[in-house]
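Take a look at the letters that make up each chain.
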Amino acid sequence: MAGVVSTTLSGIRYLLNHLPEFWELLAEHMVLVIVSEMLAVSIAIPLGVIAARHEKLKSPILSVGNVAQTIPPLAVIALMFPILGLGFLPSFVALFIYALLPVMVNTITGLESVEEGTIDAAKGMGMTQNERLTKIRFPLALPVIFAGIRTSTVINVGTAYLAFFIGGGGLGAWVISGINLFNMPQVFAGAISGAVLAISLDLILAAVENRLGSTGPASAQVAA
Amino acid sequence: MIEFEDVTKVYPDGTKAIEDISFTVEEGTTTVLVGPSGCGKTTSMKLVNRLEEPTEGTVYVNGTDNQELDKIDLRRTIGYVIQEIGLFDHMTVGENIATVPELVGWDQSRIDDRVDELLELMDLSSDYRNQYPRELSGGQRQRIGVARALAADPDILLMDEPFGALDPITRENLQDEFLQIQERINTTILFVTHSIDEALKMGDRIAIFDVGEIVQYDTPAEILSNPKNEFVENFIGENQAFKQLSITRVREVMDEPQDHESASAEVAPAADGGEYYSISPDNSLQLGLTRLLSIEHTTLPVVEDGEVIGYLTEDHVRSYFDSAGEQ
Amino acid sequence: MEPLFISPYIEFVTENFDQLVARLVEHILITAETVLIAVPIAVGLGVLITYNDRAATAVLWAAGIAMTIPSLAAFGLLVPFLGIGSDPVVFTLVLYSQLPVIRNTYVGLTGVEEAMKEAGRGLGMTRRQRLRRIQIPMALPIILAGVRNAVVIVVGVAAVGAYIGAGGLGEFIFNGIRQGDSVMIVVATVVVSLLALAADYGIATVEQLLRIHNGEEVEQRVSTQLIERAV
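Chains as they are written, first to last, in my numbering: chain A, 1468 to 1691; chain B, 171 to 497; chain C, -9 to 221.
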């Protein structure tokens, strides 16, 4: 236990002593995570909406999406190397692809899960297909879509550490070189900041979700 | 036998569910607790198998204060049927029915025999045994619910709105069937419903609940002819004479023929039509009238065990209706 | 596309077949060890927190936090305490498996219809009998779905564990990156992905069989149909 406390303290000390470098790595990490996630969300939701409308598109997308989600993050990162080489771009593309599918799958399942009766009622009130989508289906699907965004963001923060293996930068630099040099304070400084980042992003997304008026925490989602 | 003696139930949050209630359900009879929602009828029922505990007073089950009995043992000797049925979806029909016998450790062959017996009693073929509840209709599911409650041969049966979730026709059929079953099994029954019509039909005695108290505890006939106060009168509603028809059995007003031959001769044309053109002596006069109106003949044969034992005419019903109306 | 396109990969596989199998076995063993430790703990916790809402919130929250710790960082941090090798990896993976299994156990047990629980009570089942005869069988497919989720995560994250000497298929991936050997990377990632898919598919099949056993109507997978037909 004493070891844990002293490691924690030395980790924080390391961080404070290397603040300029820390900001740089954190910035790289955040750019990797946030930009790839936002791009993924802005493409995945419209694609999901379109797919949900077309029976023929829906099931192949859902099965590809489900298969893709079982592929390990390290595999996705590593596969970028033979295709795009080393650096920021391959890391970014890997994170983008890895975030894209869960959000799309959740968009489709969220839209699908709206009860038939609710939709019939909306039809009966004379809503057009677009009105039903924007006023009924989408708001009701929002908790499920948000659960997908939150999960994929948290995973994304963790996966971004692996980006350092293919030269993508980020907090992985401290953790990986710390492991190589057996520099535990450095590993800790790199690790804890990423965990805090993941939790903060999750809380921010939860707050955004609340503002948008949907209910139900992501943790209430059951793995299917 | 079930006895309530000055029973009061107050919930922890201070809501008084029932206050100072006393009544007795005699052995082998059916008492129906009826009243608007929130009147305490379901709470009263749950006091019997100790799903609720009284704040004051005593509930006796077969003469013993039920607080002295082990809760779990008590519940295993009391059948329990609820509106939502609560069949265990992951068990087959057979396994569902066998629940309590298994809990109390009957041997397998005895359980198997009992399940067969109950399926037959419920008029379900033994094919249902290995089906799952989800594959059944609402009426079939509730039959299984009743069979499960009866499995370990309880002396007492508690039924909380058992037919409440069914469509009117299925409900009516199940009520009729259950009345026949009750005659065979002769269990003491406490039955909860919000429908006065169901209460009149099913009950030997009826306890009409207002908020937290019993306003009148009487036989159906007495309640119809002598409602104690305005609340009861409003609760029974209009058409009291017509309701009287629903609690009167055909047997009470039919004409018995002098000899079998003449009876058969008189009703022969109608009897050809099969079941629909005859009626059982235990059916209600209301059903008799419905059938009379739906056939062209003015005479309806009364059939018991495949034999014509009498006949019912519109005149019988009319004169009964008149006398009920005068009361 | 000419057939020669896949020949380097086939060549790699034939040349390194023994190594590949050895790493695959290591990977499976790490996964199995994790599951054997993690599932009893998580199911136990999931059952316990059904007794107390506040404990449920706290435990689910803690398990959620555990998942936000980057795997690589967790490995690194545990090395001073548990040394190099598979121990820190298994420890981390056990932590990661907690959330899906605890959550699904909890939701599965508490999600059983009120009417069934009430009927169980009314028929004279004790709390334990209700748990064993109603809640657990009803929750089992849901718990298994959580296990499936956890296993997929474990197979994936175990690959990263090779970096601190845990062995497994991740070793090929890291060597491939280090040596700039694309073929090695592709073969290793394909094998590890297939392993994850196979585990996912296998457990999903068991889950379906359980659902069918529970009388649910499900759209059957090919594997489920085959097993059903065989039985």
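Among the hints, erroneous ones may be present.
To be verified - Covered by chain C, per the in silico footprint, the following chain B stretches (three or more residues, Cβ under 8 Å): (1) 251 to 258; (2) 266 to 273; (3) 447 to 459.
Read the hints as simulated data drawn from the structure, not as lab findings.
C-beta atoms are modelled at their ideal positions from N, C-alpha and C, and glycine is treated no differently.
| task | Could you work out which earlier hints the structure fails to respect and list their numbers in ascending sequence? | result | 3
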